[in-house]
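Q: Given the sequences, and given the hints that come with them, work out the whole structure.
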Amino acid sequence: MCQFISFFHNPATGGIKVHDLTSHHKTSEALGLDLDKWREGHYLKDGTVECRVIETDKHDRTYCDERLRRKFPTFKDFLNWCLKQVGDYYSGSLYLSGCDLKGVKLPKEVSGSLDLSYCDLKGVKIPDVSGTLDLRGCDLNGVKIPEHLKNKVII
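Letter by letter, the sequence shown follows residues 1 to 155 of this note's numbering.
Since the hints were made in silico from the structure, they are not lab data.
Glycine included, every Cβ here is placed at the ideal spot set by N, Cα and C.
Everything hinted at is true.
Okay, derived cross-link-like pairs now, DSSO-like style, lysine-lysine, Cα gap no bigger than 30 Å in a straight line: (1) Lys102 / Lys26; (2) Lys45 / Lys125; (3) Lys84 / Lys26.
Just the calculated beta-carbon pair ranges, DEER-fashion: (4) Leu31 / Val153: 30 to 36 Å; (5) Tyr118 / Asp88: 22 to 28 Å; (6) Tyr118 / Leu35: 34 to 40 Å; (7) Lys122 / Glu55: 45 to 51 Å; (8) Asn141 / Lys58: 51 to 57 Å; (9) Lys108 / Lys71: 23 to 29 Å; (10) Gly32 / Lys150: 37 to 43 Å; (11) Arg69 / Ser130: 29 to 35 Å; (12) Thr13 / Leu140: 40 to 46 Å; (13) Ser130 / Ser97: 17 to 23 Å; (14) Ile155 / Asp88: 22 to 28 Å.
A: Right under this line is the structure:
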């Protein structure tokens, strides 16, 4: 598993591609990316941006990092954009532990596990999950957990 959020960027054009937010390998395979043009990157929950480049790329890492940050000033901005790209049905697991989810639209369904530990869940609609639903450290007062998910919850 790569660091969350894993993405690919094109140093020449500024294009960004996402599919599996925790795996460069799964993303490159699913999207059929030409790795001569696309480079790995991470946008971390602490706001750190890392756009990897190689010597022959048109722009250096600092330029690419700043270009991404201009487009997505905060982790939450980038997370919302990524979740919109992958759609209502996320294929894989999501690790959102400790994230500020206020204003984040989660997918309707997650085919793997969903880690929402230590998140404020007020106003958050819990998606359907195929794997476990980690809610450790969450205040569950007033949070609606669908009945069919209760046997998957880790508290």
